[in-house]
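Chain order of the listed sequences is C and H.
Quick note on the UniProt record's numbering: the first sequence kicks off at 1 and runs consecutively.
Quick note on the UniProt record's numbering: the second sequence kicks off at 1 and runs consecutively.
Keep in mind that the hints were calculated from the coordinates and are not lab data.
All of these numbers come straight from a predicted model, not from anything done at the bench.
Be a bit skeptical, because a hint or two may be false.
Pairs of lysine-lysine residues, derived as DSS-like cross-links and limited to a Cα-Cα distance of at most 27 Å, are as follows [stated by the list, open to error]:
#1 H/K28 to H/K2
#2 C/K17 to H/K202
#3 C/K66 to H/K92
#4 H/K3 to C/K23
#5 H/K183 to H/K202
#6 H/K183 to H/K28
#7 C/K23 to H/K2
#8 C/K117 to H/K130
#9 C/K52 to C/K23
#10 H/K202 to C/K166
#11 C/K17 to C/K66
#12 C/K166 to H/K28
#13 C/K23 to H/K316
#14 C/K52 to H/K242
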Amino acid sequence: MILTVEKTIQWMREIHKRMEANKEQLTALDQAIGDGDHGINMARGFGEVVAKIDGTEYESVADVLKSAAMTLTAKIGGASGPLYGTAFLKMATALQGQEVDQQNLKSAIDQALEGIKMRGNAELGEKTLYDVWYQVADFLGTEKVEDWQEMLEVCQATIEDTRELKATKGRASYLNERSRGHVDPGSMSSYYIFEALATVIEMED
Amino acid sequence: MKKVLNHTDAVVEEMLDGFVKAHSDSLKRLPDTSVVIRNDAPVTGKVGIVSGGGSGHEPAHAGYVGKGMLDAAVAGEVFTSPTPDQVLEAIKAVDSGEGVLLIIKNYTGDVMNFDMAAELAEAEGITVEKVIVNDDVSVEDSTFTSGRRGIAGTVFVHKVAGAIAETKAPLQEVKAAAENVIKQVRSMGVALSPCTVPASGKPSFTLEEDEMEIGIGIHGEPGIERVPLQSADRIADTLLGKILADHEYDNSEVAVMINGMGATPEMELYIVYRQVANLLKEKGITIYANWVGEYMTALEMAGFSITLLKLDHQIKSALSATTDAQAFK
């Protein structure tokens, strides 16, 4: 099993740690092409997730993810709340009643991707967090993953590729050509989510 | 950052608390929410009207709650749209059984959160309709982008939809009136200085003394173009020119709004109004009514927006109807 209840809880804690540590970077990215609150919102949202998880008993990975989804939706606001809330809710639904191996983690990320697409009306290459989730789903569809750091390299490459793209969705799209040359803040926060995931998967059981 | 604050994470909470204390004769806060509603909501036989968005746009949105305008306003964190559960609470509190109209500004986050709230309300058996305001002409209106932003013109949508709802018109009629305003309203803004979101503590962008941002939204974000600072008249020419090029206003009657972004003195707003009035007169466009002041701000950003609403009989009478909303009396 690559994710247990304990590891999923740890995943949320690791995400929160990264959002706190990179709050200023995410906010600075958002100031360049958005409205400058992404880091603040993500740190606050995952802080609420950790607070919620700490006071609750969980029986399955799906339950932890559902709890995170509801908290993110209710506490973040903006575009990030519904997008990340929907992503985690779709993962929870996909993993209902299952233990988590690479195969169904891939299915769960696929479902999350569909959810982000539906909620955000997004397509590949529009310089949004969708691009990062797409590459992760694609990566998990390959052979058995031994080195989860490779997944992060794929994410990093995607973020670099999208840097020069013109944003056509979300608030960055209002800047039109001026959105080029900047990293999408949502892509970056998604990177931290998967960096946290790789960390907990590679932890000793 | 130099602001009159207690705790940066309590700004919205404390603002709402103060707001309802100041206006307790007609407004109240829905307990444990960031929702401000009319004291008499839900009004029997009347469609409920809910709007909202991030905080930092004061007097929007709570300032427009009152008889003849909104039944409830939902406040999010600063420049962050409110969450679906909060919007849902507002919908439930104002529904008298006649349904609820949501007035949403076209920002990705607002649209998504209000959409989710509408889905949740419908699951509880409440009829909900939505309109999306997109009056900002500075943004290219293309099917490949998120579309135009909703800015100060939203206030006119609140006013007209609110006035029609007050006559106990059915939901579809109120929605149609709101959509009619959206079709006829155009805005564009400019920033001379950025603003500072309390939680971040840093200005949203930097501008040299002799620069300005043309085509801003209402979230302290940069505009579409950075240009050298110009005179008030020239800025008014540019903004109004873009608005007039975007919609057919010839020989029409209009309502004008010169909206300050939070740190522009009335003196400057009236200097702008003067030029706008002159230009419209030259073009044979009649000003039926005007609003000069702060209606949809971006914290302490310096700058302003111009809004032009083309009038027809229904819009005119709805604009003239009385309201006791704090910010639009």
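message: For a quick check of understanding: which of the numbered hints are violated here, in increasing order?
response: 1, 5, 6, 12, 13 and 14
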